[in-house]
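S.K.: Starting from the structure of chain A, add chain B where the hints point.
Chains A and B, in that order, are what the protein sequence lines are. Position one of the first sequence corresponds to residue 1 (my numbering), numbered consecutively onward. Position one of the second sequence corresponds to residue 1001 (my numbering), numbered consecutively onward.
It is possible that some hints are incorrect.
Claimed, not checked - To give an idea of the interface, some chain B residues facing chain A are shown, with a C-beta separation under 8 angstroms as derived from the structure:
1) Met1027
2) Gln1116
3) Val1132
4) Val1149
5) Lys1269
6) Gln1275
If you are wondering where the hints come from, they were derived from the structure by calculation, not from laboratory data. In this text the structure is predicted, and so the values were computed from the model without any measurement. Backbone N, C-alpha and C define an ideal beta-carbon position, used for all residues, glycine too.
2 protein chains.
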Amino acid sequence: MTKRTKTAESAKGIDWDRCYAQRTQRMTSSIIRETLKIAQQPEVISFAGGMPASEFFLAREMEEACRYVLANEAQKALQYGVTEGYPPLKAYLVGKMQEYGITAEEDDILITNGSQQALDLVGRVFIDPGDVVITEAPTYLGALQAWNVYGPRYVTVPLDDDGIRVDQLEDVLKREQVKLVYVLPNFHNPAGVTLSLERRRKLVEIAASCGVCIVEDDPYGELRFEGEDLSPLVALDRGNVLYLSTFSKILSPGIRLGWITAPKEVIGKLVQAKQGADLHTSTFVQMVANDVCQRGLLRPHVLKLRKVYKERRDTMLASMEKYFPPGVSWIRPQGGLFLWVTLPEHVDTTEFLKVAVEEKVAFVPGPAFYPDGRGRNCMRLSFSNVTPEVIEEGIRRLGQALVREFG
Amino acid sequence: MTKRTKTAESAKGIDWDRCYAQRTQRMTSSIIRETLKIAQQPEVISFAGGMPASEFFLAREMEEACRYVLANEAQKALQYGVTEGYPPLKAYLVGKMQEYGITAEEDDILITNGSQQALDLVGRVFIDPGDVVITEAPTYLGALQAWNVYGPRYVTVPLDDDGIRVDQLEDVLKREQVKLVYVLPNFHNPAGVTLSLERRRKLVEIAASCGVCIVEDDPYGELRFEGEDLSPLVALDRGNVLYLSTFSKILSPGIRLGWITAPKEVIGKLVQAKQGADLHTSTFVQMVANDVCQRGLLRPHVLKLRKVYKERRDTMLASMEKYFPPGVSWIRPQGGLFLWVTLPEHVDTTEFLKVAVEEKVAFVPGPAFYPDGRGRNCMRLSFSNVTPEVIEEGIRRLGQALVREFG
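Bound-form chain A, shown alone (with noise of 0.2 angstroms):
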């Protein structure tokens, strides 16, 4: 098209370290995203990301949504949408969380680009620098890093086999002004472990008595393989609490698609903050979605995951009693894709990765779930995107890597 004009030389070139923002030095990459890298040689067996298993995809089923929408919506589909989310997908998710206890109306929800945007408008929306957030330790990686930019300082409060220590989270209230307390409840990432309900009653009962809000990050909720399911804590309190899901782990991550429920106050704050970071949620990803839920297609698609998560759990558990060695301890998930693995106390975890990618074997190390980088002897495995079979070769290859360096 035009002709190419010569390139003007630059008199004086741009120092961009100088230009950044201050917020910009905060920002790291993600341990996780960086191990991707690794895991994608293939012949590494990666317990890294926590990836769905990609061979249960519902591949037919979303070209049909496909075809549907662009053959009958296409002039709504692909043009700019309203802010908020697709009503029917905010009506559809009416419905589901109402299986939970949750009771919210359409105008209570945002659609977002999954829950990683979500984590990200909550933090643009609240955290000014120097406001105290508490956190469990470990958390999720994922919210640190979208929170790190809004310059928080953390507070963190310990786990047991019963989810965060309110207790000690009590303390922290008594003593802190503090802005947000995020918790994941169902199947934690990392930890593993499930928030008991009696503390979730305690817990909303502290929060609702400081006036504190709750971030409730709830990405795994319904692969549950075994147990009750428990009350969310929005359920149990919808003035106090910010509540965000997703469609990544049960329909797909790749279209990123989550939500979050908010008293309506706060989503039209929520709102005003998407309009400026991306105007809208992809109108067409939302109606193929919706489309896929209305269908019903969504509840067996659950129901088959969860078995075949629990298989991969269970062969995960089997394979670390066969191969770890003595001194090696971990969490049994309720559900979920995550295991957390602690190691003797002078084992670097950090260090440990690299004789394991040597194993072709890769995980996250303890370090990346924590804001103050403790976490050195503990790691992360994730059992969803790996067969039984494979599973158990990179569990043993694990073990012999963890013989050869502290066994």
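M.R.: Just chain B now, with coordinates in the frame of chain A:
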């Protein structure tokens, strides 16, 4: 599933206003978005939103692309992807930009959720509170909305028929420590003007000599109805320019797909920012768009759109000649989607919009496009998503309202 648990009594409700971050006070609803709500009343003829013509979307071609991608590469398309973007789509963009004299490699590109996200990421990476950002006056309101949360101080430079007054820009650069210069060289939104080649050369020369970064926003460059393509700024100096473009106006805004081309080290920072913001843009959408592009379907579509929009522009210009009272003036754009109309000094278009909506016609009032609320007597008309017959009727209504109020 779970039995409904009795909602805990909130001992103390949350005072949300006290919880929001300071930046949240700078968030405002987009006037375009709000106006869209008016425009949704079916009897209103809307010249407000900058929406592409829905009836020309490539519905069947997109459907074929979805079928191909889901039949052949579903496991990739529905899975997590890399933050940088889908490599074959980036490769396509390298070739596409080359046609306009832009030399870029795949690693110089980041795929975003429409240009709006690119604007947000640029703000996130570069703008500290108080930093000086130069915009044209008027300028794209989406940029203001993206950046307001980062707290810049805007300094504006006026436009004339040849685009930004580069001589006045030079004066500002001598006077102020400037972080970014934001320009829309082609078929300016909202002003409709195009930056002359002479000024393009001068602009990159000045920016290079001052070591200041230019943000070149080019959503409409391919929609030229007449005259020669002019070299993008980034083709004149790759070192100092961040170049933003999008599939929104040439394929579909509803899929939310745009990109930014920048020096590799800046892309690295933008990638880190995007990881925190939403991990990555939909793999599925990227692969579907890539399939349409690789099959060569975009070019003939763009040629068709040029004809369609040219006819609509011409109809709007002719209708304004016919129906608008004396004292109203406008720019004749060589491409794009917008006409910028200047009314007599004493007219307040924000007030006049109410009258216009009573006459069942809508536009965007001028002040939306100024960081400082000027443009009181101006309005933006979009001709892209209205058929010629309806354009004439809408302009007749608008002319009637003008005569009634100010004639």
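S.K.: Work down the list of hints and note, for each, if the structure agrees.
M.R.: Hint check results:
1. Met1027: OK, holds: Met1027/B within 8 angstroms of chain A, min 4 angstroms.
2. Gln1116: Holds: closest Cβ of chain A sits about 5 angstroms from Gln1116/B, inside 8 angstroms.
3. Val1132: Violated, about 12 angstroms.
4. Val1149: At 6 angstroms from the nearest chain A Cβ, Val1149/B passes the 8 angstroms test, so the hint holds.
5. Lys1269: 6 angstroms, holds
6. Gln1275: 5 angstroms, holds
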